[in-house]
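A.B. asks: Modelling step: build the complete structure from the supplied sequences, incorporating the hints.
So the sequences go chain by chain: A and B. Residue 1 is where the first sequence starts when you use the numbering used here, and the numbers rise one by one after that. Residue 515 is where the second sequence starts when you use the numbering used here, and the numbers rise one by one after that.
If you're looking for bench data, these hints aren't it; they were derived computationally from the structure. Glycine included, each C-beta is placed from N, C-alpha and C at the ideal position. Mixed in with the good hints there might be a few duds.
Here are some, though not all, of the chain A residues that point toward chain B, as calculated from beta-carbon distances under 8 Å [as the list claims (entries may be wrong)]: (1) V30; (2) S32; (3) Y252.
Number of protein chains: 2
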Amino acid sequence: MQLKAVPLEIEAGGPLVVVMNQNDAAELGVISSDRIFIRHKDFHAICILNISGGGNLGELGVYKEVTKRLELQKDSELLVEPARRPESLDFVREKINGQRLTSWKIERIVSDVVERHLSDIELASFVTALHVHGVSMEENEALSRSMIWSGKTIDFGRSPILDKHSIGGVPGDKTTLIVTPAIAAAGYTIPKSSSRAITSPAGTADRMEAIAPVNIAFDDIMDIVNKVGACIVWGGSIDLAPADDLFIRVEYPLSIDPLLLPSILSKKKAMGSTHVVIDIPVGVSAKINTMNEAEQLANDFIELGGRFDMRIECAITEGSQPIGYCVGPVLEAREALETLYGNGPHDLVDKATNLTGILLEMVGQENGKQMAIDLITKGKALAKMKEIIEAQGGDPEIKPEDLVPGRYFYDVPAPKNGRVLFYNNRDLVRIARSAGTPNSKGAGIQLFAKTGDKVEKGKPMYRIYSESQSKLNNAIKQLESQNPMEIGTKVGEDMLKMRISKPTAPSREFILDR
Amino acid sequence: MQLKAVPLEIEAGGPLVVVMNQNDAAELGVISSDRIFIRHKDFHAICILNISGGGNLGELGVYKEVTKRLELQKDSELLVEPARRPESLDFVREKINGQRLTSWKIERIVSDVVERHLSDIELASFVTALHVHGVSMEENEALSRSMIWSGKTIDFGRSPILDKHSIGGVPGDKTTLIVTPAIAAAGYTIPKSSSRAITSPAGTADRMEAIAPVNIAFDDIMDIVNKVGACIVWGGSIDLAPADDLFIRVEYPLSIDPLLLPSILSKKKAMGSTHVVIDIPVGVSAKINTMNEAEQLANDFIELGGRFDMRIECAITEGSQPIGYCVGPVLEAREALETLYGNGPHDLVDKATNLTGILLEMVGQENGKQMAIDLITKGKALAKMKEIIEAQGGDPEIKPEDLVPGRYFYDVPAPKNGRVLFYNNRDLVRIARSAGTPNSKGAGIQLFAKTGDKVEKGKPMYRIYSESQSKLNNAIKQLESQNPMEIGTKVGEDMLKMRISKPTAPSREFILDR
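C.D. replies: Below, the structure is given as structure tokens:
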């Protein structure tokens, strides 16, 4: 069938989608979701068909991705034929029906995901099936390998390559900004690619961006790491494991995360990492809630790493309250710098030096934690951080006080005298995001009391920062329903946690950042 | 946030979708798949957000469904706010995690499906979860009830209302065109709403359309049934259970069918049926492959019917080869008319009179099958069919010979002397669809031999009809890979069914028609 292209001013966000008039579709013998093969001059592609009641006979609406791939213009002549369903759909169906997939089948699926041959419907069903039936270690390995193959990999031409990763889920975790320069200061290579926030108030890339550019080209990363032994860049700019972003697109609305292991592992392997410490925070309002879950996940990481000749150790860490006192890109960057200057809060220093210590011991050092403490107290980590900042194009002389949060703020008073019994991380995240994080870098929350600390009725417990009055008002409005800090007399004395008189919708915020 | 509408010339095919520039989205604090609340003058809607790298700042691309709902024009001023995720998404998540859903939760989901508040991703995940975890009888009841509520229902003001339904899966099944007039000829009311083909060569609506109009308005159906006691119309024109079409949109690409029971039941109930016979064909290449499966399904139908005060009986029928000798809309309509004229093939007559007989006995008649045979042989069913045809706007004097298939045809010769051992229904369907069915009404297949019949090498086994030479060529090309008839000496003597030397992709065509 010959059709004329009508380029649509819209992206499908992944899949190659075209839209056909229903009479043309009937004539061609295809229905919505079928595949059609399209040829234009020397270009061709297999696209997913949508059918429209509108649209003109003889025309084919093409989404931007298709326009680009086939180099189309308005009224380009297209030769259109029905195409077979991709074979990978049979394998998706096998997974739906509970079968374990061979690595070859998983490779076909991931390849078709990256080639945009699977629709959102099909991808959503695959991810749901992975979540429901579970992912075996063999499948995790095949998924990781396919995700590595789908993108670029970096070879720094040296070994070992160290790395640190947190699975996320606890706010204010700026540990990477301390571990990375400390490890590099000890003479090791640690090329850190990090992500921006998805559902959290700040990702490591957002924090680092308050100090130095993080959107660094692939080739420049090589130069930076060769020169200073480290970097802290945004992974999104270097096209590592592009399949991951396509999976996240469907995982987010479903609030499921079956690809946690291969997603993290593939990105580490693509960076050439040989020794990785994985941080697994545990807490009632963190991503992982019990030690049991955390241990299982740690075992899986170690086993999976072994299958890729990567040595992995895991640190299960305290995740019941924010790390340090600051939440939000600028505030967190400031606290990280303060820590490198020797004035860090105890929990942040403890976490960073433990993780650094584990990494150092993994590559043969003794007394890793003490070595990490020395690297910080003697200013070596700070000196290295300045090198990293300069190499990435920032100002190495930046001081903590140069990092200024938004000029609108509101102090939230304690409702009574007492002590902080515990934190609701998710409520805190909601308030911080209402104030503008992560996009508005100066937005955030400064805590004045952590768990166990005394608060006085009417005195500020924490301060909300924002870069606009209207967003500050949004955040203040959240206070009506959100309660990030529980105040009482003594842990375990106030017995009633919640009264439920009618069924509630226990909707829990989903943490996708990983 | 204030944005200007940019109406897009494209339908989302269901969900209310809008497209925002990524910087506006970051400013608003929302990401792809989030919901946003949109107000324009007195109209408002909750829409699903897509985020585009392109698109202009300050503009919101709106799909046709949104343009229509909010009565938008180019540059209409929109007030846009983040909206909460629909509550039903929590229930979808519960189903993903294997929980049984209460009827209230299912009603919320179905209502949000019909309101277009769920995206394709979310709907696909829900349907996958239903398939994986199974649907309990309580869930089937709630799904049926919600699907009935979502659309229109018809009250013919009389009782009983009889109905017949086949779950599909066997080609050439024109039984409804005989059962319906036979039942009405016996003095009972049988308002038959039927569907068009989705994956088959012809649906009952396609067959009937070769004889009379089937696209009948809601009010006219009342008149027709009141006048002649029956109709055979296309269900799509009367908006019964609109949720079903939205589910089918995602079931089709996934080749899963978890909503078979509520889909059928809700449509029967919406038509006010009180006594229904359900035909379940069984065969190796039919939709249902074993007696065990068929019996389980029959039990579920009967139980579910009881919950809606509907008496249901099921007939498990032979589904191993096409019914009669004709496949394709015009050919099948001709064979059905011939049967009413008293010249039907044995299997078709036997099936139609058995189903008619069961229905007659369900409403208190004795010797139902004999009664059915008499209704046909005495011409009463034919006389009633003429009334139905006339009432629907067709020519009551139409004769079988007036129904002429496509003028291009090809006779497929027998590869050797022998007998037809068995039919591969799915291969036959592929050939028929390549020849143009169901859209091209004159396309189809005429069989010259059924299972057990002798064939002679080089003599025609069947004839492929088409309305164009190019489609006929397509169908002929299918013969290279499709083998609808197995020829041998005697059933069970030729022992090798298939030789497998390397792994194959046992892709089996999905039958969604129900």
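A.B. asks: Confirm or reject each hint.
C.D. replies: Hints, verified against the model:
Using the Cβ-Cβ criterion of 8 Å, the hint placing V30 (chain A) at the interface with chain B is not satisfied: the shortest such distance is roughly 10 Å. Hint status for S32 (chain A): holds, given a least beta-carbon distance of 6 Å to chain B, under 8 Å. The criterion of a C-beta within 8 Å of any C-beta in chain B is met by Y252 (chain A), whose closest approach is roughly 6 Å, and the hint holds.
Checked against the numbered hints given earlier, the structure breaks only hint 1 and satisfies all the rest.
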